[in-house]
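The lines below spell out each chain.
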Amino acid sequence: MATEDTNTSDTRGIELPQVARLSRLARLGLSPEELERLGVQLAAIVSAVGKLAEADTDHVDPTAQVGGLTNVLRHDVVVDGLSQEDALANAASKEAGLLRVPAIQ
Amino acid sequence: MSLLARPIAELARGLRSRDFSSVELLESALAEVAREDGELGAFLRTTAGPALVQAQRADRLLSDDPASASPLLGIPVAYKDVLCTKGVETTAGSRILEGFIPPFSATAVERMEAAGAVSLGKLNCDEFAMGSSNENSAFQATRNPWAADRVPGGSSGGSAVAVAARLVSATLGTDTGGSIRLPASFCGVVGVKPSYGRVSRYGLIAFASSLDQIGPLTKTVEDAALVMQVIAGVDPRDSTSSPAPSGDLLGALKSGVAGLRVGIPKEYLAMAIEAGVRGVFDQSATLLAAAGAQLVDVSLPSTEYALAAYYVIAPAEVSSNLARMDGVRFGPGFGTAANLMEAYERARHIGFGPEVRRRIALGTYVLSSGYYDAYYLRAQKVRTLVAKDFERVFKEVDCVISPTAPTTAFRMGERVADPLAMYATDLLTLPANLAGVSGISVPAGFADGLPVGLQVLGPYMGEATCFRVAAAVEEMAQVWQIRPGTKGVPEAAG
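In order, the protein sequences belong to chains A and B. For the record, in the first sequence the residue sitting at position 14 is 14 according to the working numbering, with numbers rising by one throughout. For the record, in the second sequence the residue sitting at position 395 is 1395 according to the working numbering, with numbers rising by one throughout.
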């Protein structure tokens, strides 16, 4: 894998509005400066992984997992999960046994 | 010399013959941590209180029934901070989990505790195990004990350093693209990447779920086998854990390599490998041949696409796995946000470091409509090709060997500004994760005073072969006893 792409990065692949959209989709809350820096880095990485286009993948099935196990089931028996108290123990904000978050709008 | 310089089996004998107690062993380990770790930075936090309780319990069990006790009973260990430990803060090296106290322990941790291992605490790592140098930890730098200006490798850097500096006998790390084997190579310790599914991932804070595996880092191959015997095996709480039998790893150590067919992948050796590293590798191959192994040139032609496939698949899984890090159920919270969107963005902006942001954004990109086929789907197909390469080669040979990394430990700061240079650190290790096969890195020599690891890759669920070859290399190379700060470290390979 060539690494020289890093310093000759091509930002045309990922425009700023697109990086801003990624940031919003992934809830990253990035500042304009951070978006700009990330855009340059992403373009270099995307250009490098573009190597994939050279591989001959005709008639090749995708692999999502390598363990080969399928239909791993268990008996339908009720087992104890986390208690409400344990599940809430790490929450920064809670009220009356529930998580408390700001309103959606 | 510290008690911790001895292998686990020797410590187990000492505990049973009352040469020392587990409490004394713990005190010795804690003294080493106090003396060394201020500079090394392997531990994020130590748990001396609970450790003393565990050691006292171990001493009681040793006096009650020494014969049936696990070899790990009373042995000092520590865990990478991506493994949940009930009641002990677990951060994954990230601000977004600062203060998180897991209500349960990872299965691997539970099994170590059930065997009686005494945990000294939690070890530093790259944030969410994303990195090859430990420089992505949100909390502290970890230094290579062989050269303070160099990285320990990552992401299980703290796990490698704690063993290399003889602070504890064994640690658990995780390997998604080389994160156990690489720091093991850089720090001169043994590191095992078990086959996918060999060790339960329950309670492991997920990075890339189809690639992650938990494994041991130890001084010797036998120590690694002792830990594997404890942590391996199917777990109802991880449906990807495998019921396949582990094989006799301890027996494999004594088998020798006579008649074994050992493959040397030409694509691996065609990479830009430092001369000193190459020298150690050639020497190891020569020793294996002299011991009766049959060296065979093999080809893994899809290797050239493995890095690209990895850096699509792993970030894609990151973007979905890390969606749960929203500041609501755990983490430091989001202050006084005006609405939920702002709350999420605030928690994640404060909480995630640059590399984690980069991978989430990249994963979001390759999974987004219009790019999915060109990147994610294609990467999954390339993953099939990489796996088929290994399947084919393991019909020709019993295992393959290569250097674990193209270089020795690099200098701190050297690759931080260049993500692609950092990613290339894992060129020789990440194909094994894509294919799910077994692997181990064993100290094989030194180049310019820095440790060099030999990687042995075996078939899926073929750990026993990896251990067999690694044990032979360990015995022939005679380097594991050499510890950081020891005089007489060879200047160069050979």
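Mixed in with the good hints there might be a few duds.
[Claimed, not checked] With a straight-line cut-off of 20 Å between C-alpha atoms, the simulated DMTMM-like cross-links for lysine to aspartate or glutamate are: (1) B/K1388 / B/E1475; (2) A/K94 / B/E1113; (3) B/K1266 / B/D1238; (4) A/K51 / B/E1113; (5) A/K51 / B/E1342; (6) A/K94 / B/D1282; (7) B/K1388 / A/D86; (8) B/K1086 / A/D80; (9) B/K1395 / B/E1267; (10) B/K1388 / A/D80; (11) B/K1086 / A/E54; (12) B/K1266 / B/E1304; (13) A/K51 / B/D1238; (14) B/K1086 / B/E1113; (15) B/K1086 / A/D56; (16) B/K1086 / B/D1238; (17) B/K1395 / B/E1414; (18) B/K1266 / B/D1248; (19) B/K1254 / B/E1475; (20) B/K1388 / A/D61; (21) A/K51 / A/D61; (22) B/K1388 / B/D1282; (23) A/K51 / B/E1110; (24) B/K1388 / A/D76; (25) A/K94 / B/E1342; (26) B/K1086 / B/E1110.
[Unchecked claim] Which stretches of chain B does chain A cover? Using the computed rule of at least three CB atoms under 8 Å from a CB of chain A, they are: (27) 1008-1021; (28) 1112-1120.
Honestly, the hints are just simulated from the structure, not real lab data. Just so it is clear, CB atoms sit at the ideal spot from N, CA and C, and this is done for glycine as well.
Worksheet entry | Non-conforming hints, listed in increasing numerical order | 1, 2, 3, 4, 5, 6, 7, 10, 11, 13, 15, 17, 18, 22, 23, 24, 27 and 28
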